[in-house]
Every structure is written in structure tokens, then in C-alpha cells.
Amino acid sequence: MKRRAIRIPNLGHAQAIILHRPHPTVQALTRQLTAIGLAVTQAWPELGPEALAADYVFFDADMGHDGMFPWEAGHPPIPMIALIGSEAPGRIEWSLKAGAHAQLLKPVGDNGAYSALLIARDAFDAQKALSAEIADLRRRLDERQTVVRAVTLLAARGKSEAEAYAQLRQMAMAWRISFEDAAARIVAAQGGPDDRSQRG
Amino acid sequence: MVVKRRIELGLLFSRTGSYSLISEACRSGVLGAIAMVNADPALDLSFVPVERDPGGNADAYGPLCEEILRDTSARHVVGCITSWSRKEVIPTVEKFGGTLWYAVPYEGFEASDHVVYTHACPNQHLLPLLDWVMPTHGRRAYLTGSNYIWGWEMNRLARERITAAGGEVLGDRYLPIGSREVGRMIEELRFARPDFILNSLIGPSSYEFMAAYRALGLEDAHFRPDRCPVLSCNLTECELPALGQAAEGLVAAGPYFRGVPGWPGAGNFGSSHEAAAFSAVMELARLLAGRAGAENWPLSQLLADRGGIVDPDTHHTVLPVIIARVEGGAFRPIKRWEAVPGDPYLTRSRQVQAPTLRVVS
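Line by line, the protein sequences are chains L and P.
With this note's numbering applied, the first sequence corresponds to residues 1 to 200, in that order.
With this note's numbering applied, the second sequence corresponds to residues 1001 to 1361, in that order.
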């Protein structure tokens, strides 16, 4: 599968929140983010509702816990970047569960923030697109039974299964709806569509 | 007359190798500024140059910069030409708390706490150049570059800008640094017939390409510079001797061209490379003047309360933008903007965003 093109976000005046106790790492990260053009605020020990207006959250992976975010654990509505000092497996596991899309190692120095922003944004977008696609596929899976019933109804009028299937596809195209929705329409009409409705 | 304190100043330029002409231009800018500072009776400092020559080898820059910062008292180093060498030096200046003054156009997307950028970044060269060429010559482009970050990133940004303007990129082709194999590019151009060419090649590759392109123009009028010009953000007067007749009609963007008054103030410079290196040293002298011991301060402290040309957030500078065409062996300005602040991440100046295209499946 071809990878979708990366979108370079416009970071001018984007809002970043650093959830970390006051520390030189916060200063170094603030310097980087300000140079890039973001507006930066610092929060500790937890994120207030203002986080919902932010575009990026950098959070301390070393002292973090689920209660520090104003959203359901693991379901951040914006890209999240973990600030990792201790590379202990338990802390990395927690960062991932919290929903980290990228990471930056502490101590933060002269660089790294820009790539973390881009990678987090891309991972966040990809996750969102995949979730939407999975939800759509799941819905279509659930409707398999409807499709089988619609094909059976069409085939009952003397068509082969392949012909019935092709007819259903044509109907969906003519009605400009999905295959599954067309099947649902036929099943709902019980006994199949009025063939005359397809003329003209 | 005030007593002058002697301050060692590092110089890190390759005087041999494929981009030595640019090194020499920057080096004369530095030496010119040092001479002026040392002769100024009102300044309480003089600079003592400490030179190292990496000889065009990217891997030599880090160790030689370390030698300057470790073995001498110099905290400030002027130098590097390629972005590749600059990236090699940054960890070293960071480690020793030093500062690199970088006086060459580059591709942006950097704002090190330990670097001052005194030449242009894309909102000061590439973007104005594209904004000029597309209405003037057309929107069908061919992109060339040397195979490293400068060529890649310039062409990526050019593609983004051209596509957003409704234009088209007909091809992009890269050559290893130092390669003269331009035949394939010329063959592609013959078929692609673009409206303009963006040349982000460096050194001998660029000289060879320009010569071959001039020959193509003599053969086919479409490729004459008035119809399909070559654009550059890195060619200046310092490389005109290597280009000769092949430079005629070249259109370049930069903060300075020979004889243009204004920036960087006093003096007449051979090229913008020389001017940007000169202005780096003059600005450093101004920041150090009257502050004994300031030569050991970190850059952030040095920039904190004295104003000047360096933006304390981005460490980039405000520069004029001039678009100029080579006519009769010299650059003639054709368009000029005053005082454009460097915007390395294109977050401050870019108003118009490319339309987000939805993927239709």
C-alpha cells in the first residue's frame, strides 16, 4: 500500500503545552518551540481544560500518570509527545498507553522538537484516518448478511448468483450509494426493487 | 585611545575542494572586518584569527572546530559553507558552549541556540525568486540540485510552492557533489521544455551544467535565458569567473550584489558571501564592545539586551532581498525588497497555505 503524503503542518502561532515541572528541559524545549514559531505554555502537575484548545502536548513520561490529562486515558484529541528521561520499559509502556505519537529524549538540548512535532502530527493523522477506515470496514462487515439476503432476493427472480451480484453493483452505482446501502434498500423493499424504476 | 583586549576568533573555511571559491569570499569578508575592527580606535577589542582548514572534507569540520574551541580561547567561530558541514559542527559548538557564525545561504528549518545565520534562508531567497519567475516566465519548472540537504530541501520547497501556485514540476534530478555528469539533465530538459530551471547544484556540477545549458540554448532558442532562465539561490559574483559566458542571463536572489548600496553598510563587497561574513564579524564586535569578558558569554546572554541585527528567537537576520540577472558579466538588480526578516520555519511570513487536497478513493 502506498504511504499517504505527509502534510507539513503550518506551525505559525500553533499552541504547545509542556506538561512538566519547571526544569532546564522545559526552558530548552520552549526555546526550540518559540524559534519554530509556536506559542508555548507550561503546566504542572496536570493539564487544565485549556489543553483542549492546544495543538500539541509535550508530557513528562518520568513522573506522568493517567489522571494528568483532561481526557480519557489513551485517547488524546491532539498529538502528544513524550519527554522521556528514564528509558525504563514500564515508563515507555505507560507513555504508549497514554497515547504518545512521538518522543523526545531528556535532557532536551538544541534540537529535536521540529521532527517530534512533524512525526507526532503525522502519526496522529494516520491514526485518525485508520480509525475511520476501520469503523467503515467494520460497518460493511456487519452488513454482509444484508448483502447475502439482497443477492438471494435478486437471484430468486431467475438470475445466476453472479448476475444478481452484478445487478446489485449497478443499482448501487445508479443510486450513488454504497453497495451495502443498496442491499439494505432491496431487503427493506422485500421482494426486490421494481425493475421499472431503473428505466429512464 | 581605549585599550584593546585581544579576542581570538575561529575561522573554519575549506580553502581547497569543490566550494573553495565561496570559502575564499567568506574568508575575505571576515579578514576585512577584522582589519576594520582592529584599526578602529573607538573599539576596546581586537580580533586575533585562529584558522583551521578542513580541505572540503565534511568529516574534518567537527574535529577541527573542536580543536579551536578546546585548544584556544576562541568561543566564536565563523565558517562552514555547506549545510552538511554546519550540521557536523553544531554538536561541537553545543558541547563547548561556543557559537558558529554562518554566512552562507541555506535551506532553512534550523534555529540552533549556538548558530547565528547572517545570510538568507528560503523566505529571503527561494520564495521571492519563485514569486517573481512564475508570473514572468511561466509555471512549468525543472529542478536540479546536488545530492545533499541543500539540493533536496530547496527542491522540496520549490515543488510545494510551484504546485500551490498551480504550476507543474516536469522533473528533478540530483548529482553527487563534485560530479560533472550533466548529460542526462540536458537530455531531459530537451524533452521537458520547462519555463524555468531551478539550479541548486554546487561547485563543479553547477559550472558544468551552466556550460552545457548555454550550449543547448545556442542549439534551440527555447533554452535561451530570456525564454527559459536558470535560477539560483547560491551563485554569486565569487563564482562568475568559473562560469564565464555560461553565466549570462542567470537570475539569482541574494541580500547583496556588487555595487548595490544599503546592506551591510560601509564598504564595497565582491559578493553577498563576503558581505554576510563581514557583517557577522562586525555584529560580533558590536556585541562584545565595552563588555569585558563578554567573549566568554553564551550567545543567548550576548544577544539579550543589546538589540541589533540578530533575532534573539531564531538567530536569523533581517536582510534586503534582491533579484538580479547576469548581464555583461555582472549582476544587474531587477527587483528589490527592503528589510525582510529571516523566517527559517516559514511560520512567521507564510500567509497563504497550499490547499489541502482530499484523497478521493
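Quick caveat, the hints were computed from the structure, so don't treat them as lab data.
All of these numbers come straight from a predicted model, not from anything done at the bench.
No residue lacks a Cβ here, since even glycine has one placed at the ideal position from N, Cα and C.
There could be a bad hint or two in this list.
[Stated by the list, open to error] What follows is a set of in silico ranges between Cβ atoms, one per label pair, in the way DEER data are often shown:
no.: 1; chain 1: L; residue 1: H13; chain 2: P; residue 2: A1164; range: 18 to 28 Å
no.: 2; chain 1: L; residue 1: I92; chain 2: P; residue 2: D1313; range: 41 to 51 Å
no.: 3; chain 1: P; residue 1: S1300; chain 2: L; residue 2: D66; range: 28 to 38 Å
no.: 4; chain 1: L; residue 1: Q27; chain 2: P; residue 2: P1063; range: 24 to 34 Å
no.: 5; chain 1: L; residue 1: E46; chain 2: P; residue 2: P1135; range: 33 to 43 Å
no.: 6; chain 1: P; residue 1: E1187; chain 2: L; residue 2: R169; range: 25 to 35 Å
no.: 7; chain 1: P; residue 1: D1313; chain 2: L; residue 2: D66; range: 26 to 36 Å
no.: 8; chain 1: P; residue 1: P1298; chain 2: L; residue 2: I119; range: 40 to 50 Å
no.: 9; chain 1: P; residue 1: E1187; chain 2: L; residue 2: V148; range: 35 to 45 Å
no.: 10; chain 1: P; residue 1: R1286; chain 2: L; residue 2: A5; range: 37 to 47 Å
no.: 11; chain 1: L; residue 1: H13; chain 2: P; residue 2: P1261; range: 46 to 56 Å
no.: 12; chain 1: L; residue 1: P24; chain 2: P; residue 2: R1070; range: 20 to 30 Å
no.: 13; chain 1: L; residue 1: P24; chain 2: P; residue 2: P1063; range: 27 to 37 Å
Status of the hints after comparison with the structure:
no. : hint                         : in the structure
1   : L:H13 / P:A1164: 18 to 28 Å  : 20 Å, holds
2   : L:I92 / P:D1313: 41 to 51 Å  : 33 Å, violated
3   : P:S1300 / L:D66: 28 to 38 Å  : 37 Å, holds
4   : L:Q27 / P:P1063: 24 to 34 Å  : 30 Å, holds
5   : L:E46 / P:P1135: 33 to 43 Å  : 53 Å, violated
6   : P:E1187 / L:R169: 25 to 35 Å : 47 Å, violated
7   : P:D1313 / L:D66: 26 to 36 Å  : 35 Å, holds
8   : P:P1298 / L:I119: 40 to 50 Å : 29 Å, violated
9   : P:E1187 / L:V148: 35 to 45 Å : 58 Å, violated
10  : P:R1286 / L:A5: 37 to 47 Å   : 46 Å, holds
11  : L:H13 / P:P1261: 46 to 56 Å  : 36 Å, violated
12  : L:P24 / P:R1070: 20 to 30 Å  : 24 Å, holds
13  : L:P24 / P:P1063: 27 to 37 Å  : 28 Å, holds
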